[in-house]
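Peer 1: Here are the chains, one letter per residue:
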Amino acid sequence: MTPALLKNHHRQRILLALALGLLLVAGLSLLFGRYPAPGLLTWERLSSDSLAARLVLNLRLPRLLTALLLGMTLSAAGMVFQMLFSNPLVEPGFLGVSQGAAFGAALSIVCLGGTAIVTQSAAAFFALAGLGVSYLLAHRLRYGGWVLRLVLAGIAVSALFSAGLGLLKYMADPLRQLPEITFWLLGGLASVTWARLLTILPVVLVGLLVMLLYRWRLNLLALSEQTSFSLGAAPGRERWLLIFAAVLPTAALIAVTGMVGWVGLIMPHIARRLFGADTRFSLPASMLLGGLFTVLCDDLARTLLAGEIPLGILTSLFGALIFLALMMFQKSRAKQ
Amino acid sequence: MTAPLLSFQNVTFGYRRDRQPFLQDVTFDLHPGRITAILGPNGAGKTTLLYLALGWLAAWTGGIRLDGLPLRQHSRLERGRWLALVPQNEHTPFDYTVLEYALMGRAPHMPPLGIPAAADYDAALQALDQVGLAALAEHPVPQLSGGEHQLMLLARAVAQRPRLLLLDEPTAHLDLRNKSRLIQMMKTLRTEGVTLLMTNHEPEVVLAVADDVLLMEPGRPPLFGPLEQALTAEALSRVYGLPIRLVDVDGHKQVLWT
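Sequence lines, in order, name chains A and B.
Just so it is clear: in the first sequence, position 317 is 316 by numbering that gives the first Met the number 0, and no numbers are missing.
Just so it is clear: in the second sequence, position 252 is 251 by numbering that gives the first Met the number 0, and no numbers are missing.
Misleading hints may appear alongside valid ones.
[Stated by the list, open to error] Computed footprint of chain A on chain B, listed as stretches where at least three residues anywhere in the stretch have a Cβ under 8 Å from a Cβ of chain A: (1) 189-198; (2) 201-210.
[What the hints assert, rightly or not] Just a few of them, taken from the derived set where beta-carbon distance is under 8 Å, the chain B residues facing chain A: (3) Trp55; (4) Ala57; (5) Trp59; (6) Ala83; (7) Pro86; (8) Tyr95; (9) Thr96; (10) Glu99; (11) Met103; (12) Asp128; (13) Leu143; (14) Ile182; (15) Met184.
[What the hints assert, rightly or not] Computed spacing ranges between beta-carbons, pair by pair: (16) B/Asp121 <-> A/Ala155: 46 to 54 Å; (17) A/Ala158 <-> B/Asp121: 49 to 57 Å; (18) B/Arg176 <-> A/Gly131: 52 to 60 Å; (19) B/Leu175 <-> A/Leu240: 39 to 47 Å.
Read the hints as simulated data drawn from the structure, not as lab findings.
Computed from a prediction, not measured in an experiment: that's the story for all the values here.
Even glycine gets a Cβ: it sits at the ideal position worked out from N, Cα and C.
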C-alpha cells in the first residue's frame, strides 16, 4: 500500500474514534446535569424516578440533539464557505444570514410581541432574506469576480441589517425588551423543545447530507472557476447548491438557538490542522469536532451555575482559547 | 491528413455585445499529436481563445468542434476526459499535499460524488513521477517553488489523461532550467499522442517546441500555419510593432530584437 493510502486509512480510523467519542460524550451528557444535585444520574434513579426519566427524554434529549446538530452544521457550513471562498476567515453567517436573523429576532421582540414562535419565524425569515438579497446583489454587482462580488454583497447586507438592529435596540424598552434582545444575541438552547427541533430537523439533515456527500468534490469547487470547469464540474450550479445546503440549515438552527459564534469559524481550522486540507477528511472531521465542542459547551452552559449561561459566551471563550493554543503550537513547529 | 481533433471555423467572440467582437474570424484545425502555440502581444486574446477551446466561453458565431462534434454537445464529464487545462496562476491558501492536489485531475474519471480509489492514487502518483515531482508527493503545496508549482499543475492535467492539453503561459516566471524541463515534458506528451495548445509570450519557447503557430494581432484575424511558414520575421515585426530578426544559431532559429 502506498504511504498516501496508509495515511488515509489512519485518518479514517481517527474519524471513527472521534465519532465513537462523540457518541459517548452525548450519552454521558444526557445523564449529566443539576438534577437533583450537580452530577450524573444513576441508572436506578432513572428507572425509579419518573420525573428524572421525563427530564432526560423531554428536556435533555432534544436539547442535546439540537446542540449536536448546531455544532455539526455550523462547522460543516464554515468549512464549505472557507473552501468555496478560498478564504479561511469567513464563517457561515457572513452572507447576511447572522445579521438578518438577529434583526428578525429583535424586530419580533420590539414590535411583534416577542413570543418564542414569532421570534423564531422572524429570525428564520430575515436570515433567508439576508441570503436572498446577498444573492441578488451579487448578480447585479458589476465589479470583481464571483468571490469578491458575494463577499461585498454579504458585507453590505449585513451592514444594513446591523443598522436596523441598532435602531431596534435604541427603540427597545431598556427594562423588558433590551435584555431579551441581548440574551437572544448571546445564544442558548434553554428554549429547545421536541416540537421546535422536529420542525427544523428535515432541512438540517438534508443540508448535512448534501455537504457530506460533497466532501471530496468540494476540493474541486475551491479552485478557480475555469479550472473546476475543466475538471468536469459545473462551478456555478454546484457552488450555489452547496451554499444553500450550508446556509438553510444554519438559518433554521440559529433561528431556534440565537447567535452561537465562533464554532463555524474555528472548528474548520482545527479540522484542517489535524486532518490536512483535503475536505474528504477535514469536512467530516469538522462536523464531528463541532458537534463534540458544542455539546460540551452546552453541558457547561446548563450546569456550571444554577442559572443558565448563554451558550454563545462559552463557545466564544473556549473556541478562542483553543484557537490561540493551536496557533501558538503551529508557530513553534514551523520555526523548527 | 488525419481528421482534426479540434477545429475553429470562423469563430467570433466578444465580452460585450454592444461593442465590436474581440476575436474575429478565427479559423484553424488542431491535428492529433502536434503542439500549437498561440503567440501574440498582451491583450490580443490568447487566453480568451484557450477558454473558447475549453468550452468555458461560448463563441458568438462560428463553430468549434471537438472530434467532429460541436464542443458543447459533449457532456461536461466527456469534455473533462478529452480536455485538460493548465492555468496560468493558481493559488490555494490551504495546505494540500502535492498528491492530494494532483488527485483532483482524476475527477472526470470518477463517478459523480465519488471518492478517489486506489487506481486514482496510482494514476496521480504516476503523473507526479512523470513530471519529476514524485519525491515531493507528501509536500505541502504552498511551500513549493514557482517551477515546482507549475510542474504540479501539469501533473494534475496529466493525471486527467486528456487527448488535448490546454496550457496558459506554461513557461511564464520559470527560470531556464525549469523552462527546459517543461519543454521536455511537452515533447514527451506529444510523443505519447497528446495534442497540446498553449499560449505563450516567448518566441524562443515557441521556436523550441511548436509544430504550428497561431499568431494573434489585435483587431485582425489571426494567422495560422506550420511554424516555418507562420513565424516569419516580417509577421513578428508587424504583430509586436518592433523590428525583429530571426537568425540561425547552430541550426536553431533564434529571435533577435532591439
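Peer 1: Now tell me if each hint is right for this structure.
Peer 2: Here's how the hints hold up against the structure:
Only residues whose C-beta sits within less than 8 Å of a C-beta in chain A count toward coverage, and the region 189-198 of chain B has 0 of them, not enough to reach three; the restraint is violated. Coverage of the region 201-210 of chain B by chain A is violated in this model, with 0 residues showing a Cβ closer than 8 Å to a Cβ of that chain against a need of three. Proximity of B/Trp55 to chain A holds as hinted, the smallest CB-CB distance being about 5 Å (cut-off 8 Å). Interface restraint check for B/Ala57: the shortest CB-CB distance to chain A comes to about 12 Å, outside 8 Å, so the restraint is violated.
Among the interface hints, the one on B/Trp59 is violated; its C-beta lies about 19 Å from the nearest C-beta in chain A, farther than the 8 Å criterion. Contact between B/Ala83 and chain A, as hinted, is supported at the beta carbon level, the nearest pair being about 6 Å apart and thus within 8 Å. With a least beta-carbon distance of about 5 Å to chain A, the hint placing B/Pro86 at the interface is held under the 8 Å criterion. Contact between B/Tyr95 and chain A, as hinted, is supported at the beta carbon level, the nearest pair being about 4 Å apart and thus within 8 Å.
The criterion of a C-beta within 8 Å of any C-beta in chain A is met by B/Thr96, whose closest approach is roughly 7 Å, and the hint holds. The interface hint given for B/Glu99 is met, as the beta carbon of that residue sits about 5 Å from the closest beta carbon of chain A, less than 8 Å. Using the Cβ-Cβ criterion of 8 Å, the hint placing B/Met103 at the interface with chain A is satisfied: the shortest such distance is roughly 6 Å. Contact between B/Asp128 and chain A, as hinted, is not supported at the beta carbon level, the nearest pair being about 12 Å apart and thus beyond 8 Å.
Among the interface hints, the one on B/Leu143 is violated; its C-beta lies about 14 Å from the nearest C-beta in chain A, farther than the 8 Å criterion. Taking 8 Å as the C-beta contact cut-off toward chain A, the hint placing B/Ile182 at the interface is violated, the least distance being around 22 Å. With its C-beta approaching chain A no nearer than about 18 Å, B/Met184 sits outside the 8 Å limit, and its interface hint is violated. At roughly 48 Å, the beta-carbon separation of B/Asp121 and A/Ala155 lies within the given 46 to 54 Å, and the hint holds.
Remark: the range hint 49 to 57 Å for A/Ala158 to B/Asp121 is upheld by a beta-carbon distance near 51 Å. The given range of 52 to 60 Å is respected by B/Arg176 and A/Gly131, whose C-beta atoms sit roughly 53 Å from each other. B/Leu175 and A/Leu240 have their C-beta atoms about 46 Å apart, which keeps the hinted 39 to 47 Å range intact.
Of the hints listed earlier, those the structure fails to meet are numbers 1, 2, 4, 5, 12, 13, 14, 15, in rising order.
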